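Engineer: Quick mapping for you: the protein sequence lines, in order, are chains A and B.
For the first sequence, full-length UniProt numbering assigns the number 1 to the initial residue and increments by one for each residue that follows.
For the second sequence, full-length UniProt numbering assigns the number 1 to the initial residue and increments by one for each residue that follows.
Rather than coming from a laboratory, the hints here were simulated on the basis of the structure.
Here the structure is a predicted model, which is why all the values come from computation and not from measurement.
Note that the Cβ used here is the ideal one computed from N, Cα and C, for glycine as well.
One or more of the hints may lead you astray.
Claimed, not checked - Straight-line distance between alpha carbons at most 27 Å, and here's what the computed DSS-like set of lysine-lysine pairs gives:
(1) Lys315(B) with Lys256(A)
(2) Lys256(A) with Lys355(B)
(3) Lys189(B) with Lys90(A)
(4) Lys89(A) with Lys5(B)
(5) Lys5(B) with Lys277(A)
(6) Lys432(B) with Lys362(A)
(7) Lys330(A) with Lys315(B)
(8) Lys368(B) with Lys256(A)
(9) Lys515(B) with Lys22(A)
(10) Lys242(A) with Lys5(B)
(11) Lys277(A) with Lys19(B)
(12) Lys189(B) with Lys336(B)
(13) Lys256(A) with Lys452(B)
(14) Lys355(B) with Lys22(A)
(15) Lys5(B) with Lys256(A)
(16) Lys35(A) with Lys71(B)
(17) Lys515(B) with Lys35(A)
(18) Lys89(A) with Lys251(B)
(19) Lys43(A) with Lys71(B)
(20) Lys90(A) with Lys19(B)
(21) Lys432(B) with Lys35(A)
(22) Lys5(B) with Lys90(A)
(23) Lys161(B) with Lys432(B)
(24) Lys451(B) with Lys89(A)
(25) Lys5(B) with Lys94(A)
(26) Lys515(B) with Lys89(A)
(27) Lys307(A) with Lys432(B)
(28) Lys239(A) with Lys227(B)
(29) Lys227(B) with Lys251(B)
(30) Lys277(A) with Lys169(B)
(31) Lys90(A) with Lys94(B)
(32) Lys227(B) with Lys256(A)
(33) Lys451(B) with Lys22(A)
(34) Lys315(B) with Lys307(A)
(35) Lys112(A) with Lys71(B)
(36) Lys315(B) with Lys277(A)
Unchecked claim - Here chain A is said to cover these stretches of chain B; the calculated rule only asks that three of the stretch's residues, wherever they fall, bring their Cβ under 8 Å from a Cβ of chain A:
(37) 94-107
(38) 233-242
(39) 276-284
(40) 463-470
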Amino acid sequence: METENLDERYRDLDNLFLRDSKFAPELFAPNDALKTILFDAAKVLVIGAGGLGCEILKDLALSGFRDITVIDMDTIDVTNLNRQFLFRKKDVGKHKSEVAAAFIEERCSGVKVTAHTNMIQDFDADFYREFHVIIAGLDNIEARRWLNALLHSMVEFDDDGKPDIATVKPLIDGGTEGFRGQARLIMPHMSGCFECTLSSLPKQNSYPMCTIAETPRLPEHCIQHAYVIQWPEHFKDKKVDKDSPDDMNWIFERAKERAESYNIEGVTYFLTMGVVKNIIPAIASTNALVSAACVNEALKVATFCNKSVDNYFMFMGQTSVYTSTFPFEKDENCLVCASQRESQTVAGSKLLKEFRDELQEKFTLSNPGLTAESTNKTLYISGPLGKKTKQNLELSMAQLVESGFLDKQDIIQVTDKAIPTVMKVYVKIE
Amino acid sequence: MTDNKYDRQLRLWGADGQKRLSEASILLINAPAAGTETLKNLILPGVGFITVLDDKLVEERDLGTNFFVTKDSIGKSRAEITMELLTELNEDVKGAHIHESPSKYINEKNLEFFKQFTLIIACDLTDAEIDILCDIGDELGLGLIFLRSYGMIGYLRLYKKEHACIQSKHADKELDDLRLAEPFEELEKYALEFEMSSLGSLEHGHTPYVIILIKALHKWKEAHDGKMPSNFEEKDAFKATIKEMARDFSKEANFNEAIENAYKAFSYESVPYEIQQILDNPKADSKEFHSNFWTLVSALKQFIAENGCLPVSGKVPDMTATSDFYITLQKIYQEKAKEDREKIKEIITKQADEKGLMEMLFEDEDIKVFCENARNLEVTRMENYKQELENPNTEDISAEFFDPDSSVQWYVAVRCAEAFRTTNSRYPGETKEQIESDVAEMSALVPDLLKKLGADESFEYNYDHIHEIARYSNSTLHNIGALLGGVGAQEAVKLITEQYTPLNHTYIFDGAHCKSQVFNP
Ligand SMILES: [Zn+2]
């Protein structure tokens, strides 16, 4: 292989690395070695090879990162092509991560991109520990929650309870919707985390069931009726395949019939797709700017050439441009990052079922299992293993204390598939 | 259907915006990362035609910052290589390149050349070149986007003398136009004749809030000399009358909605102030043809003179209602909207006759979109670049000097760096040895500039910014280019589609702190 003239190629980084700055962290000292660290040692992981991922990979390769790994299990769809610029029509159906990695390696000689087509949940802490920085460009909340919690669980603390910085993996997270987006830096157990901000995320559009069933007024109501009521009635055990034109057409036709019977106008196939797939508008430009902000932070985290963002950058481009940068503080009661939470008082008369439902609602969990830390007894888990625990749900918290399942002041360990670690809820039964 | 690769963006700017995009022709002057990234973000969504004008040859250094060059292309025309690798992204887009000096076209003020484009994006130009292009833009009515970067600092300057926008699509503005305070005849008749007392409980709890509010307001006005509730106490008292109309307020969502939406009646203006300003523009009365927009505004003005209000939009938001009640109500609004559209159409035809224009310029759909948005029309006027340098508008920027965290510090640094470039024909701090004296030269410019910008005397400029911009010098970082490319393409889409509100007029991204801000001096 011919030698690369890296010094000349990345000459634009010289001023950053070799010159003094009043805006760099105290740790920074101008040094030629920074380039070597970046070129030869820095390992970065990119999660998602979609709209943000393609941009992030390109930005990393052009920032001097030369050892990049990307994970994405998705394959390429034709509607990706308006922004996911590493893919062409001929690539439709292939794995995003593989096509993206090959493109970057081809265009940017000497840059190594390793592609994985697994789910992120297929990898363990040892895998994630390999990287110096992790950048997530995902559009789904579940994966981001999972990753956020895993990275938090990897942090070790010193005797004073301070996080050992060597075990803190910086997570840079980007997201977009239409002309809006955000980039943020999460330093596990040091800054606010993804879980802390979960409640501030916009809720999905939903329509009340009674409107859908009894008083439809909008085309969307008719589409929802066809999707959530008529489909299960007609097909019993078959789920809707949202990528199947046959299935989508069936829903469209039923929605149209229902709309006609109520004189409602405006049911179209385009709208049907939008409602059923809950499509979020996405454009190249927003992905580009959010990814650029993310990778710029990666460059700073890896080299200290300037201070890192503190810690949340929000961009709104719909009406003029409005942006805001602010520290997203830790939520004192966050299940993932709060170190010492105050005990919550729980009425003794409350049924375990009610207690669990509240947790599920509050922390958006899917099917939480509960264990008392003091007694190490399982209060409830689902599935065949938990058959016996099902009856506990009907017991009150006071009854659980009496029968020795739980202490009056206890920590309830919560497990749920949304989060890869054990979350702790401090309770005081009254 | 599903095979439309533009699906995700059509949900934002629709078929009309897409058509405008596909007909646009973009010129890029100079092709560093900021420029090629902006083009990339316009080519992907399907802009019609691009032209790259650049006289540089691809260097090794480009490989480290620009994605649209390859190792094999070193020594070849940067215009040609970037154009080829860019257009390869989308088969719908055609491109051309010109391997010539941009300064030549600019300094010659070659109008014949520039008039073939819809929009110009230009990178790293000097103040003098920007000044000339602004003049060209004025003459041709072109939109211009100037991009510059200094290491971690990105600078974007937008210029279009006047930009009209029909679909501003403010996130906080609804298209609904319910005329609660001044219901038109058919609506008032329907609402007042709507018999609620005989309704069953389901229908009573599903009577649209529009009907409830019109009834309640009618009653209120009868008892108050025809006046609307105006102060806080009256508004509260009015809301109490709505509560009384309910059978079980805690269960009837429609009555709750009536109270929540009462502000729509209180704040209603038959012609909002911003719209009146547009109507007052001489172009709205002109006998000459200016643009489709002003032709429509001119018709709107006539409509208001004849009808005393804006055309009804016909948009009815969802509300608690039975299907029948809602659809009936929606029909009433839509019928009125249609009637108003027909009137506008007649006025346009009549005015076109008077102006001697032969053809009808508008499709019915254009008039529909215009009428639906008549309450949200926008005209943006931007400060000319020469004006900004010589006699800046201090109205907004002067307040920035009271905020220690404002990015105005960088605005000042950028202006000093460019003034330095004008004097020395090079960037400050190109070599390490130059830094100290270059910083001194730039720093000497700060006090006068601050005065010009209306900074309070108590303001103490942080000269670390000057030092930092000399540190960065002429470094081009890909991330900063990519960020400018994202913001630049968003703004380009706004200018081309005439949807959404463009920024006015300077955007600075501070990559050292990941902060950004818009300024309009
Ligand atoms: Zn947290």
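Engineer: Please check whether the segment 233-242 of chain B has three or more residues whose CB lies within less than 8 Å of a CB on chain A.
Structural biologist: Answer violated; 0 residues pass the 8 Å Cβ test.
Engineer: Just to be careful, I want the Cα atoms of Lys330(A) and Lys315(B) compared with a cutoff of 27 Å; is the pair within it?
Structural biologist: 42 Å, violated
Engineer: Is it true that the CA of Lys515(B) sits at most 27 Å from the CA of Lys89(A)?
Structural biologist: Judged against 27 Å, a Cα distance of about 37 Å means the pair is violated.
Engineer: Starting from Lys451(B), check that the Cα of Lys89(A) is at most 27 Å away, please.
Structural biologist: 56 Å, violated
Engineer: Can you confirm whether the C-alpha distance between Lys277(A) and Lys19(B) stays at or below 27 Å?
Structural biologist: Measuring from Cα to Cα gives roughly 25 Å; hence the hint holds.
Engineer: Decide if the proposed pair is consistent with the structure: Lys242(A) and Lys5(B), CA atoms, cutoff 27 Å inclusive.
Structural biologist: 17 Å, holds
Engineer: Holds or violated: Lys307(A) with Lys432(B), Cα cutoff 27 Å?
Structural biologist: Distance of about 22 Å is within 27 Å: holds.
Engineer: Is the straight-line distance between the alpha-carbon of Lys277(A) and that of Lys169(B) 27 Å or less?
Structural biologist: 23 Å, holds
Engineer: Does the structure keep Lys315(B) and Lys256(A) at a Cα separation of 27 Å or less?
Structural biologist: 21 Å, holds
Engineer: Would the hint linking Lys451(B) and Lys22(A) be met if the CA-CA limit is 27 Å?
Structural biologist: Holds - the C-alpha atoms of Lys22(A) and Lys451(B) are around 25 Å apart, at most 27 Å.
Engineer: For Lys5(B) and Lys90(A), compute the direct alpha-carbon distance and say whether it is at most 27 Å.
Structural biologist: Judged against 27 Å, a Cα distance of about 13 Å means the pair holds.
Engineer: Taken at face value, is the distance from the CA of Lys71(B) to the CA of Lys112(A) at most 27 Å?
Structural biologist: Distance ~16 Å between Lys112(A) and Lys71(B) Cα, so the pair holds.
The structure is inconsistent with the numbered hints 2, 3, 6, 7, 13, 14, 18, 23, 24, 26, 28, 29, 32, 34, 37, 38, 39, although it conforms to all the rest.
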